[in-house]
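Chemist: In order, the protein sequence lines correspond to chains A and B. Going by my numbering, the first sequence opens with residue 1, and the numbers climb by one from there. Going by my numbering, the second sequence opens with residue 1, and the numbers climb by one from there.
Source of the hints: derived by calculation from the structure; they are not laboratory data. C-beta: ideal position from N, C-alpha, C; glycine also. One or more of the hints may lead you astray.
Said to hold, decoys possible - Stretch by stretch, here's where chain A covers chain B in the computed footprint (C-beta under 8 angstroms, at least three residues):
1. 80–91
2. 105–115
3. 118–125
Take a look at the letters that make up each chain.
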Amino acid sequence: MVETETHPPATNTGPGRLLIAVYLLFAIAATSRAGLQIATRFAEAPVAYLLSALAALVYIVAAVGLARAGHAGRWVALACCSVELVGVVGVGLLSLADPELFPDETVWSGFGSGYGYVPLVLPVLGLLWLWRTRTR
Amino acid sequence: MTETATPLASMTSAAAGSPVDGVLATATIVLSLVLAGWALVAAVRNRPPDRVQLAGLAVLELALLALAVVALVALGGGERPGEPGAFFGYLVTLVCLPPLAWVLARMEPTRWGSAIVCAICVVTPVVVVRLQQTWEVVGG
């Protein structure tokens, strides 16, 4: 077995490390926010808070996927970035169309406006980075 | 004597309103932003994190730890933040940020290490401001 051609491209160095750092920040932010919301006032807005928890989980898994850098890590990161992009655009549109649906803010409300729109930009950068480091 | 004591007294009474809103908090915000600017210049110039960035992170961490001590002393004195859970969450996150930047910067001795320092130093002032908001939400 010759395995020279298939060594996995590094998603965890250079710009990738910056991306992982930002993902880590968002993982911390979303996890603490969701944890606090669920622990203290879950009944007020269960959908919004469960969504916060989902977002938190996705950020953590994405950071791990990028950091692991192997083929499996790439697929995990690809899945997470896609879920994020769908999530932030979907929740953004839904929160515009029907604000009643999300009585409290989530990371993804208003296309991530509460977090300087970084949640919207981050999955796009993640996907671009995965594209840049793809095996040919 | 009383004349010279007046500005000091007004400073301490202003600090008594919120232990995380004062000269020290402002200093952490300014230092963090200056550091972010310095690191950004380094990243643009294709330079890895230099001693100034690492020393800056160390000073920033000391200032944030001092801020945390001031907050804990105020808590010991019976003062309470408006949103205790969020306040402690932000406080713990805050003192972890410079070490995180330090570790990642040491792992990445390229321009992207400087970019990481820049990113985390941009986030830090935001966390300081959120910390202040979670203290003041009731007294506000």
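Chemist: Does the structure break any of the earlier hints, and which numbers would those be?
Modeler: Of the numbered hints, all hold.
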